[in-house]
Amino acid sequence: EAGVVQSPRYKIIEKKQPVAFWCNPISGHNTLYWYRQNLGQGPELLIRYENEEAVDDSQLPKDRFSAERLKGVDSTLKIQPAELGDSAVYLCASSNTGYEQYFGPGTRLTVT
Amino acid sequence: DQQVKQNSPSLSVQEGRISILNCDYTNSMFDYFLWYKKYPAEGPTFLISISSIKDKNEDGRFTVFLNKSAKHLSLHIVPSQPGDSAVYFCAASAIDNNDMRFGAGTRLTVKP
Numbered sequence: 001e002a003g004v005v006q007s008p009r010y011k012i013i014e015k016k017q018p019v020a021f022w023c024n025p026i027s028g029h030n031t032l033y034w035y036r037q038n039l040g041q042g043p044e045l046l047i048r049y050e051n052e053e054a055v056d057d058s059q060l061p062k063d064r065f066s067a068e069r070l071k072g073v074d075s076t077l078k079i080q081p082a083e084l085g086d087s088a089v090y091l092c093a094s095s096n097t098g099y100e101q102y103f104g105p106g107t108r109l110t111v112t
Numbered sequence: 113d114q115q116v117k118q119n120s121p122s123l124s125v126q127e128g129r130i131s132i133l134n135c136d137y138t139n140s141m142f143d144y145f146l147w148y149k150k151y152p153a154e155g156p157t158f159l160i161s162i163s164s165i166k167d168k169n170e171d172g173r174f175t176v177f178l179n180k181s182a183k184h185l186s187l188h189i190v191p192s193q194p195g196d197s198a199v200y201f202c203a204a205s206a207i208d209n210n211d212m213r214f215g216a217g218t219r220l221t222v223k224p
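Line by line, the protein sequences are chains A and B.
Going by this note's numbering, the letters in the first sequence line up with residues 1 to 112, in that order.
Going by this note's numbering, the letters in the second sequence line up with residues 113 to 224, in that order.
Everything labelled a hint here was simulated from the structure, so no lab data went into it.
Just so it is clear, the structure is predicted and the values come from calculations on it, not from any experiment.
It is possible that part of the hints are untrue.
To be verified - Pairs of lysine to aspartate or glutamate residues, derived as DMTMM-like cross-links and limited to a Cα-Cα distance of at most 25 Å, are as follows: (1) Lys78(A) <-> Asp196(B); (2) Lys183(B) <-> Glu154(B); (3) Lys180(B) <-> Asp86(A); (4) Lys71(A) <-> Asp211(B); (5) Lys183(B) <-> Glu50(A); (6) Lys180(B) <-> Glu154(B); (7) Lys168(B) <-> Asp56(A); (8) Lys223(B) <-> Asp211(B); (9) Lys62(A) <-> Glu50(A); (10) Lys166(B) <-> Asp136(B); (11) Lys117(B) <-> Asp86(A); (12) Lys168(B) <-> Asp211(B); (13) Lys16(A) <-> Glu50(A); (14) Lys183(B) <-> Glu44(A); (15) Lys223(B) <-> Glu44(A); (16) Lys117(B) <-> Glu100(A); (17) Lys16(A) <-> Glu52(A); (18) Lys11(A) <-> Asp171(B); (19) Lys62(A) <-> Asp211(B); (20) Lys166(B) <-> Glu100(A); (21) Lys15(A) <-> Glu50(A); (22) Lys180(B) <-> Asp57(A); (23) Lys15(A) <-> Glu100(A); (24) Lys117(B) <-> Glu52(A); (25) Lys183(B) <-> Glu52(A); (26) Lys78(A) <-> Glu154(B); (27) Lys62(A) <-> Glu44(A); (28) Lys15(A) <-> Glu53(A).
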């Protein structure tokens with residue numbers, strides 16, 4: 001069974017530029033999560049989807065971040081415009097139980 | 113607010129000995145606890161979990177202990193192997209809320 005796929009793996013952009021991350025969850029997993037992990041910290045939830053509905057986006061900085069999960073399968077997370085403080089690893093995870101979550105390899109974003 | 117805390121940023125043990133990683137939590141609503149292992153440049157991988165109705169769960173060399181009165185859990189790895197060297201994250205969630213909270217992680221180094 002294929003795991004969670006994320007792309008790109010690495011991205012370097014200048015501040016104020018837009019950036020987008022893509023995630024394809026494990027087949028059959030209805031719940032999809034986007035996390036941000038800063039250096040030396042654990043993952044922090046940005047948004048959770050149940051199928052195509054965003055059921056928890058309370059931690060998503062909505063002035064610059066947006067996400068979508070069309071058709072309830074793959075998802076895109078966008079930042080526009082990026083700021084220096086957005087440099088982090090962005091992790092996507094999926095679950096079919098609501099408890100064990102399976103993570104992708106992440107996208108390491110560097111904003112210069 | 114950091115609801116899940118891993119107070120030891122690093123731990124070093126000799127191969128063959130026991131590794132004990134600790135985690136404390138503050139939210140009494142948490143009822144499911146997980147440990148994830150993370151290698152460099154990879155996403156966290158699920159290792160072992162425990163429900164609040166249990167105080168111990170064992171899977172091969174890995175055992176998780178839960179002390180609800182102390183709001184404390186620990187992961188025991190015995191015997192430790194060099195391949196266990198990784199960052200270990202403790203995570204917790206509540207049954208009515210899929211919002212999983214992670215600790216900051218403990219870097220385990222197992223020396224040959």
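Evaluation of the provided hints:
1. Lys78(A) <-> Asp196(B): Distance of about 35 Å is beyond 25 Å: violated.
2. Lys183(B) <-> Glu154(B): Violated, because 29 Å separates the two Cα atoms, which is more than 25 Å.
3. Lys180(B) <-> Asp86(A): violated, 36 Å
4. Lys71(A) <-> Asp211(B): holds, 23 Å
5. Lys183(B) <-> Glu50(A): violated, 30 Å
6. Lys180(B) <-> Glu154(B): violated, 31 Å
7. Lys168(B) <-> Asp56(A): Since the Cα atoms of Lys168(B) and Asp56(A) sit roughly 31 Å apart, the hinted pair is violated (cutoff 25 Å).
8. Lys223(B) <-> Asp211(B): Distance ~35 Å between Lys223(B) and Asp211(B) Cα, so the pair is violated.
9. Lys62(A) <-> Glu50(A): Between Lys62(A) and Glu50(A) the Cα gap is close to 19 Å, so the pair holds against 25 Å.
10. Lys166(B) <-> Asp136(B): Distance ~17 Å between Lys166(B) and Asp136(B) Cα, so the pair holds.
11. Lys117(B) <-> Asp86(A): Cα-Cα ~23 Å, so holds.
12. Lys168(B) <-> Asp211(B): Within the cut-off at roughly 23 Å; holds.
13. Lys16(A) <-> Glu50(A): Violated, because 31 Å separates the two Cα atoms, which is more than 25 Å.
14. Lys183(B) <-> Glu44(A): Since the Cα atoms of Lys183(B) and Glu44(A) sit roughly 21 Å apart, the hinted pair holds (cutoff 25 Å).
15. Lys223(B) <-> Glu44(A): violated, 31 Å
16. Lys117(B) <-> Glu100(A): Holds, at roughly 19 Å.
17. Lys16(A) <-> Glu52(A): violated, 29 Å
18. Lys11(A) <-> Asp171(B): violated, 38 Å
19. Lys62(A) <-> Asp211(B): holds, 18 Å
20. Lys166(B) <-> Glu100(A): holds, 17 Å
21. Lys15(A) <-> Glu50(A): violated, 32 Å
22. Lys180(B) <-> Asp57(A): Judged against 25 Å, a Cα distance of about 30 Å means the pair is violated.
23. Lys15(A) <-> Glu100(A): violated, 35 Å
24. Lys117(B) <-> Glu52(A): Violated. Lys117(B) to Glu52(A) sits at ~32 Å, over the 25 Å cutoff.
25. Lys183(B) <-> Glu52(A): violated, 35 Å
26. Lys78(A) <-> Glu154(B): Given that 25 Å is the threshold and the Cα spacing comes to 21 Å, the pair holds.
27. Lys62(A) <-> Glu44(A): holds, 16 Å
28. Lys15(A) <-> Glu53(A): violated, 30 Å
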